Every structure is written in C-alpha cells, then in structure tokens.
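K.L.:
Here is how the chains run, residue by residue.
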Amino acid sequence: MASALDKKRINKRGIAVTFNWIFSLVAGVLIFFFLVYFAVQNTDLFGNVTARIVAEELDILFSGYETIQTRSMLDFGKNVELDFYCDDSTQKFKVNGETGKTIWDKIIFSPDKIESSKINVATASWKVPFRVANFIYIFDEKYNIKDDVGINIGLINNLKGSGKNVLISPYFDGKCQNGEDGKKVIHYNKETEEGYVCFDGKDDKSPVKFFGEAMLIGAVLSDKDNFECAKNKAEEKLNIMKKVFANKNNNLEDTGLCEENSLYGRFTNKMNILTIDLMNKNTINSFESWNKDLIAGGCASVY
Amino acid sequence: MSTKTKKGQLEIGITTMVLAVFIVLLLISMVIYFRFTYLEFEKTREEILDQKYSGLLNVISGMTEFRCSKNGAEEECLDASKLHNFKQTISEDGIENYYDNLFGNANGIWIEVIEPFDENKDYSDSDYFEIYGEKETKGLIYSVPVSIYYPDYKKYKIGILKIQGEL
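These protein sequence lines map, in sequence, to chains E and X. The C-terminal residue of the first sequence carries number 303 in the numbering used here, and the numbering is unbroken. The C-terminal residue of the second sequence carries number 167 in the numbering used here, and the numbering is unbroken.
Calculated directly from the structure, the hints in this document are not laboratory data. It should be emphasised that the depicted structure is a prediction, and the values quoted were computed from it without experimental measurement. Just so it is clear, CB atoms sit at the ideal spot from N, CA and C, and this is done for glycine as well. One or more of the hints may lead you astray.
Stated by the list, open to error - A few chain X residues that face chain E, going by a derived Cβ cut-off under 7 Å, partial list only: (1) Val21; (2) Ser29; (3) Asn71.
Said to hold, decoys possible - Here are a few chain X residues that sit away from chain E, every Cβ distance over 10 Å (derived from the structure): (4) Thr5; (5) Glu65; (6) Cys77; (7) Lys82; (8) Phe86; (9) Glu92; (10) Gly108; (11) Glu115; (12) Pro116; (13) Asp122; (14) Ile141; (15) Asp152; (16) Tyr156; (17) Ile160; (18) Glu166.
Chain E extracted, bound-state conformation (with noise of 0.2 Å):
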C-alpha cells in the first residue's frame, strides 16, 4: 500500500505532464495564430506580387486608353519606378525592378525610365488619314524643346518647360544636321508631316524616319529603343489594317451597289504597298481624293 508521501509524488508528476501538455499547446496555438497573421500580412513576398497586379491593372488601364483621346495623371501616392525597354522587338515594362510585363497591342512612346508618385498619361491618334491606331504617351517630366518649325500641338506645347534639350529643326533629305551632339534633334516638315529623328544629334548615322504629328510626339519623349519598338507596332498595326480595308474593300465590290467599284480595287493596290519609310504627303492625299469620289458617286467610303 502506497503510503501518504507516495501519493504525494504521484499526483506532483501528473501535474508536471499535464502542464507540459497545456504548454505545448499554448505555445503551438500562438505560433499557429502568428502564422494565420503571418499569412495575412505578407501574402505580397518582398512586393513581387504587388509589383505583377500593379503591372496587369496598368495593361487594363493602357487598354482602356487605346481607344479614346485622353489626357490624365496616374497619382500613386508613393514613388512608383516604371522600365520601358524593348525585347526582341516586343515592347515590356517593368514596375519597381520586378516582373516584365509584355505590352502586345498597345503602341507606347515613353522614356526608357518614368520613376514618380505621379504619371502623365496621353493618347493621340495616328491617322494615314485613316486611324491606324491610338499611341499611348508616359511621361513624367519636361523637355527643354527649341522649336525651330513653329508646331502648334498641344501636348507639345505641355511638355515644354526644363528638362532634357530636344531641337526640332526642319526637314533636310534623310540627314542629322543642326544641334548639339548627343542630343535629340528632330528634323520635321509640318506640311508633309514626314520626320525622322536624330537621337545622337547631329552626328547620328542613323535616323529613324516617321510619319504624322502622333509620331512627332512620340519622338520628342522617347528614347531610341522605345521609339524603334513602338514605330515597329505601329508598322504591324498598319500591315493589320491593310488587311482589314482589303477585306472590307471586298465586301463593298461584291454587293455591286457601287457604281464606283473600282475605287475599291486601287484603294487596296496603294494600301498594300503603304509603310511607315514609304509614307508621305501624295499617298495620303491620293486616299482622301478616292474617299470624296466614292461618297460623291453614292458609294460607302471606305473610311
């Protein structure tokens, strides 16, 4: 028989084990709640996560702007890092170093690096002279613009102020002259509406041809690989709309409701051989003298 000191003993040790089991469980039900937190609070792993939704919610915004005239400013309310850079002809971008975000359908001139609270964003349409597409500008600063041609577009005049120098000198055949070397010089004739833009100044060997006032704004904001990149998309959106007035062009023929149908057959000729380089004054003028003779013969127009 177990004497008093015994049961004493006995009943001290099952007190020691059943502390031991309400410890473990106190201590595992406060780290299971700090992991619940844990979980709530930083679900965004070093931003990664914030960084790709931020750069989805932008490509829906981008998408948005693709289609209407606008001029806005996106206020982050904290600094916000953006990287435009083009990868195998692609346009991408990043948002504070993290996951590159490919821009398939949207035509954007920016600055290689936009890093700010706040964003400009603005659209234009590029016309030739029908609407090929809208052209996205991100900016977030101003250019020192000398204007040497006497341009009257909005969105210029907006970007003037203190910043980076751009000329805007007028149009020579095809070579960089005037300014500064190593500084942007932009030769345009505002009649024709033809430019090409010299990105290391007058020395530059290569100067990259575009075409209309959208483009003109997009040279004055982006630099070279961005502009090439976005002048490549407004290439491949052209060569698309070709297609789709070949198509419509066709259409138009065969319900023979027009007497003017072979209207249709050299708008399509012309439109074929249309690009960017080739671009110029006649052609456009050509489109818009065949789209007056259709309305006036009682056809659809083509655009």
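Please build the complex by placing chain X on the supplied structure of chain E, with the hints as guidance.
P.N.:
Just chain X now, with coordinates in the frame of chain E:
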C-alpha cells in the same frame, strides 16, 4: 530498474510528445498558410480577368478594326463590312498571334445581329459575325448591345457583342 532511469525515460517520452504535437501544429499551420495564399492568388486572378473581359467589351467597340466611319469621321457603331470575314482575315500567321495576345484568355468573341437582312445574298445577310475563337464554347458570357452599320445599304441594325471566357 532504478527510479532515476524511469524518470529519465518518462521525460524523454514527454519531450517526444511535445515535439510531435508541435510538428503536427506546424504542419497544419503550413497547410492553412499555403491554402490561404493560393486562394488569395485565385481571387486576384479572377478579379483581374473579370475586369479584363468587361474592359474588353469597351475596347472592341472602340477598335479601329471594327468601328464605322463616314468620310474619315468615326461614329459610335461597328461596321458590318469590316466584321464580315474578319476571323478569316486575321487567320494568317503573325496577325493571329496579335489577336491571341490582345484577347488573351477569351474563348470566343462574336456579334449576334438581331433581325439581319435575309435577301441580299451578301455580307449583310449574316446573323452573326465571328471575331475570335469559337462561338458558344465554355465560360461566362459578357455582353453589350452595339449598333451595326451597313455602309452600302446606309442602314443600322442592333447587335449584341459577346465575349465568352473562363475565370
């Protein structure tokens, strides 16, 4: 066996049990944590796709590929002569990729025409225009009414632009 050895064995047993309980709780926590994270990702993905499809309805209505115009001035309508055979036009290599990227996860995009013409024997007789993918496959359908313009008949019809996509 001595009392000290029995006590030692008991303490090792207790420690092992404490460790076992701790590891079980840790594993449960890890499973809950990763499940929570996964659900959060799924929710964000669905929200983004929902926004994307809703936004796509507006984007398509404004795309120069479909929008109607008269003498260079665009109007709030879609051009039937551009819509007809559009899918075949973009089926070429390169161009198709462009729209794959633009329309993303959408399974099908089409426009149904309410009361189409039925005697002209041309593009105007179509009761629907396929834009992308397949009509009526699977997924939620997002739709919006649109005005369709037939340029050579100078008439408008009502249509419904539909996008089908999975969240």
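K.L.:
Taking the numbered hints from earlier one at a time, note which ones the structure violates and give those numbers from smallest to largest.
P.N.:
5, 7, 8, 9, 13, 15
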